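Number of protein chains: 2
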Amino acid sequence: MEKGISQAVVRRMPRYYRYLRDLLEQGVERVSSNELSKLMKVTASQIRQDLNNFGGFGQQGYGYNVRFLYEEIGKILGLDQTHNLIIIGAGNLGQAIANYGRFDSLGFVTVALFDVNPEIIGKEVRGIKIHALDELEVFCQNHKVDIAALTMPKQSADNTAQRLVELGIRAIWNFAHVDLDVDDESVVVENVHLSDSLMQLSYNIVKNKQ
Amino acid sequence: MEKGISQAVVRRMPRYYRYLRDLLEQGVERVSSNELSKLMKVTASQIRQDLNNFGGFGQQGYGYNVRFLYEEIGKILGLDQTHNLIIIGAGNLGQAIANYGRFDSLGFVTVALFDVNPEIIGKEVRGIKIHALDELEVFCQNHKVDIAALTMPKQSADNTAQRLVELGIRAIWNFAHVDLDVDDESVVVENVHLSDSLMQLSYNIVKNKQ
Numbered sequence: 479m480e481k482g483i484s485q486a487v488v489r490r491m492p493r494y495y496r497y498l499r500d501l502l503e504q505g506v507e508r509v510s511s512n513e514l515s516k517l518m519k520v521t522a523s524q525i526r527q528d529l530n531n532f533g534g535f536g537q538q539g540y541g542y543n544v545r546f547l548y549e550e551i552g553k554i555l556g557l558d559q560t561h562n563l564i565i566i567g568a569g570n571l572g573q574a575i576a577n578y579g580r581f582d583s584l585g586f587v588t589v590a591l592f593d594v595n596p597e598i599i600g601k602e603v604r605g606i607k608i609h610a611l612d613e614l615e616v617f618c619q620n621h622k623v624d625i626a627a628l629t630m631p632k633q634s635a636d637n638t639a640q641r642l643v644e645l646g647i648r649a650i651w652n653f654a655h656v657d658l659d660v661d662d663e664s665v666v667v668e669n670v671h672l673s674d675s676l677m678q679l680s681y682n683i684v685k686n687k688q
Numbered sequence: 479m480e481k482g483i484s485q486a487v488v489r490r491m492p493r494y495y496r497y498l499r500d501l502l503e504q505g506v507e508r509v510s511s512n513e514l515s516k517l518m519k520v521t522a523s524q525i526r527q528d529l530n531n532f533g534g535f536g537q538q539g540y541g542y543n544v545r546f547l548y549e550e551i552g553k554i555l556g557l558d559q560t561h562n563l564i565i566i567g568a569g570n571l572g573q574a575i576a577n578y579g580r581f582d583s584l585g586f587v588t589v590a591l592f593d594v595n596p597e598i599i600g601k602e603v604r605g606i607k608i609h610a611l612d613e614l615e616v617f618c619q620n621h622k623v624d625i626a627a628l629t630m631p632k633q634s635a636d637n638t639a640q641r642l643v644e645l646g647i648r649a650i651w652n653f654a655h656v657d658l659d660v661d662d663e664s665v666v667v668e669n670v671h672l673s674d675s676l677m678q679l680s681y682n683i684v685k686n687k688q
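Going down the list, the sequences are from chains A and B. This note's numbering numbers the first residue of the first sequence as 479 and each following residue consecutively. This note's numbering numbers the first residue of the second sequence as 479 and each following residue consecutively.
Hint data in this document are derived by calculation from the structure and do not stem from the laboratory. These figures come from a predicted structure and were not determined experimentally. Don't take every hint at face value.
[To be verified] Derived DSBU-like pairs: lysine-lysine, alpha-carbon spacing no greater than 30 Å straight-line:
#1 B/Lys601 with A/Lys632
#2 A/Lys622 with B/Lys687
#3 B/Lys622 with A/Lys685
#4 B/Lys685 with B/Lys519
#5 A/Lys601 with B/Lys607
#6 B/Lys685 with B/Lys516
#7 A/Lys601 with B/Lys601
#8 B/Lys519 with A/Lys685
#9 A/Lys687 with B/Lys622
#10 A/Lys685 with A/Lys516
#11 A/Lys632 with A/Lys607
#12 A/Lys553 with B/Lys687
#13 A/Lys516 with A/Lys553
#14 B/Lys607 with B/Lys622
#15 A/Lys687 with B/Lys632
This is chain A alone, in the form it adopts within the complex (with noise of 0.2 Å):
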């Protein structure tokens, strides 16, 4: 596939995907750029330039079909296949993300949830099963895990994430407040750093009062 398509780039597709399923459930059947860029508020030009990084999909004069550009987008994303999804830490942000329907929908399909938490442990969430973290190591290699959501406490995340890259893990789904120190350049990171967001609104805040 396309190398060396910037992160920024990548960063705004999902918003395109977004957008087009809005319009796709509106049964509209084609949309130029012009239009697309009033909707999303960015520029045509800069919408044009953004898919042509993946081949363009648009017709001069004719714009773009929805339904094509949404299931290419959806490729591109990854999101025609499934990934299995485990979550460690099943607090309430734990439990937060294995509830909520619209990742299942999207292919993220939450198989375990794990905890040190022995009053959680054998409970479910939406039927899915809370594991002792101790069987991590079993449970991996008995299922196909393709994505790690670290939803627990800092301290133990670096740790656990070593695991997870032994265990053959690819991709971490980090809710820790913490970098995590994976070296394995074959392993894809992906931070969401509550506090940082929360930190950037303030700064907002305070500028916008002056």
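Chain A is fixed; fit chain B onto it per the hints.
Here is chain B on its own, set in the frame of chain A:
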């Protein structure tokens, strides 16, 4: 304060803050941009450039005073003041945010949750009451509210955001899977689109396989 600082720079500041706190906790008193560079895995010149946006803070041949830099970045990020937070949507995600003590220690104090589900209205999360969403107006008129976190389904997010803006709330931390239609430029919106983050992850998984 500094005008025209790019959001990309601002987005990196919480990470500096995080590393400086770790250094402080380890008793480190000063740090050079080269040392910080190794720790944070960004170039020393990037660090100097970033910090120069806010006036520098460093001294040739001495480096940075860790506590001073930590406190200054805290001020830049507005962490020297308390921000009262309300959470709209007291499901798992809302409760996860309310339960997360670290936000408190950064000065983000959750003062109320709101929901439409009669089964949870009146209950408490970490001592913080879940109110009926109908009480939003009265609550906001009688309490100082700085930030509203939207952890509710996207269908009602736009409408709720509008109510919040009319109530004078200046900052929205949006977890709903939609770009809010907030036209008022004095309102700061920070989005956390978890599905987008998961799609970014899956893009990189697919790319790595090739």
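Quick rundown of the hints versus the structure:
1. Restraint check for B/Lys601 and A/Lys632: the C-alpha separation of about 29 Å stays at or below 30 Å, so the hint holds.
2. For the suggested pair A/Lys622 and B/Lys687, the alpha carbons sit about 16 Å apart, so the restraint of at most 30 Å is met.
3. Restraint check for B/Lys622 and A/Lys685: satisfied, since their Cα atoms lie roughly 19 Å apart, inside the 30 Å limit.
4. With a C-alpha separation of about 23 Å, the suggested pair B/Lys685 and B/Lys519 falls inside the 30 Å cut-off, and the hint holds.
5. The straight-line distance between the Cα atoms of A/Lys601 and B/Lys607 is roughly 26 Å, inside the 30 Å bound, and the hint therefore holds.
6. A hinted pair counts as satisfied when its Cα atoms are at most 30 Å apart, and B/Lys685 with B/Lys516 qualifies at roughly 28 Å.
7. Taking the CA atoms of A/Lys601 and B/Lys601, the gap is near 23 Å; set against the 30 Å cutoff, the hint holds.
8. For the given pair, B/Lys519 sits about 28 Å from A/Lys685 by alpha-carbon distance, which is consistent with the 30 Å threshold.
9. A threshold of 30 Å between alpha carbons decides the hint, and for A/Lys687 with B/Lys622 the separation of about 16 Å falls inside it, so the pair holds.
10. The hinted pair formed by A/Lys685 and A/Lys516 meets the criterion: a straight-line CA distance of about 28 Å does not exceed 30 Å.
11. For the given pair, A/Lys632 sits about 23 Å from A/Lys607 by alpha-carbon distance, which is consistent with the 30 Å threshold.
12. Pair hint A/Lys553 plus B/Lys687 holds up; C-alpha atoms about 14 Å apart against a cutoff of 30 Å.
13. Restraint check for A/Lys516 and A/Lys553: the C-alpha separation of about 25 Å stays at or below 30 Å, so the hint holds.
14. For the suggested pair B/Lys607 and B/Lys622, the alpha carbons sit about 16 Å apart, so the restraint of at most 30 Å is met.
15. Among the hinted pairs, A/Lys687 with B/Lys632 is consistent with the structure: their alpha-carbon atoms are about 29 Å apart, no more than 30 Å.
Checked against the numbered hints listed earlier, the structure breaks none of them; every hint is satisfied.
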